[in-house]
Amino acid sequence: MEQIWISQTIDFVKNELQNAEAGHDWFHIERVWKLSKIIANTEKCNTVVVELAALLHDIAEPKFHNGDETLALSISRNFLEKIKVPNDIIVQVLYIIENISFKNKSITPENHSVELQIVQDADRLDALGAIGIARTFHFGGYRNNLIYHPEIAPNLQMTKDEYKKSNGTTINHFYEKLLLLKDLMNTQKGKAMAEQRHQYLQGFLQQFLDEWHLD
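Quick note: to get my numbering, add 304 to the position in the sequence shown (first position is 1).
No lab work stands behind these hints, which were simulated from the structure alone. Where hints are given, some of them may not hold.
Said to hold, decoys possible - Taking lysine to any residue pairs in the SDA-like style, the calculated list, with each CA pair at most 20 Å apart, reads:
#	residue 1	residue 2
1	Lys338	Gln322
2	Lys348	Ser417
3	Lys388	Met305
4	Lys367	Gln322
5	Lys318	Leu375
6	Lys493	His416
7	Lys341	Lys367
8	Lys341	Leu375
9	Lys341	Leu518
10	Lys338	Gln500
Between the sequences and the hints, there should be enough to build the whole structure, so can you do that?
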């Protein structure tokens, strides 16, 4: 039955996100799902909760829905109830969806579940490395943000509301989020995987700045 739930959820998410922005589309979901399974293999956890949460975590990304952080929860609950997932599993999945986001890092409960730690690490890994760079520049272009401006400094003390409304430069986003992710990883596997991707980010950023400034 559990594999049927997973299969039904895959079909549902593919359909729901068929016209999604490329950084938060089915392929992002698929990568996070695969990364979640890799990390879950190293942890004692409920793999069904991990997989369902990974598949549904961006079903209604708030930035594309006027900042509504409840829509994903209601869509996910309605769908999971429809396919007869038990309520105790639904509650755990919704908990992950509600708390996974980087912008919520200051209000996420301490000692959060290992399942949340796994999916959160997987989602953060997809914001690192070559994929993370590609997603960041794609979204910056989607928002028509400047690539870089040497006189606009990164804002490293943004509140949650400031982060949600930020239209800073794409390069500043590296400092405001991407370069911080390595030290926010939860699991040992996630930390190890993040290290290599973090180094790739640093190398790219240094090359970019060298080419920009030429002095």
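Query raised in the report: So which of the earlier hints does this model not fit?
Result: 7, 8 and 9
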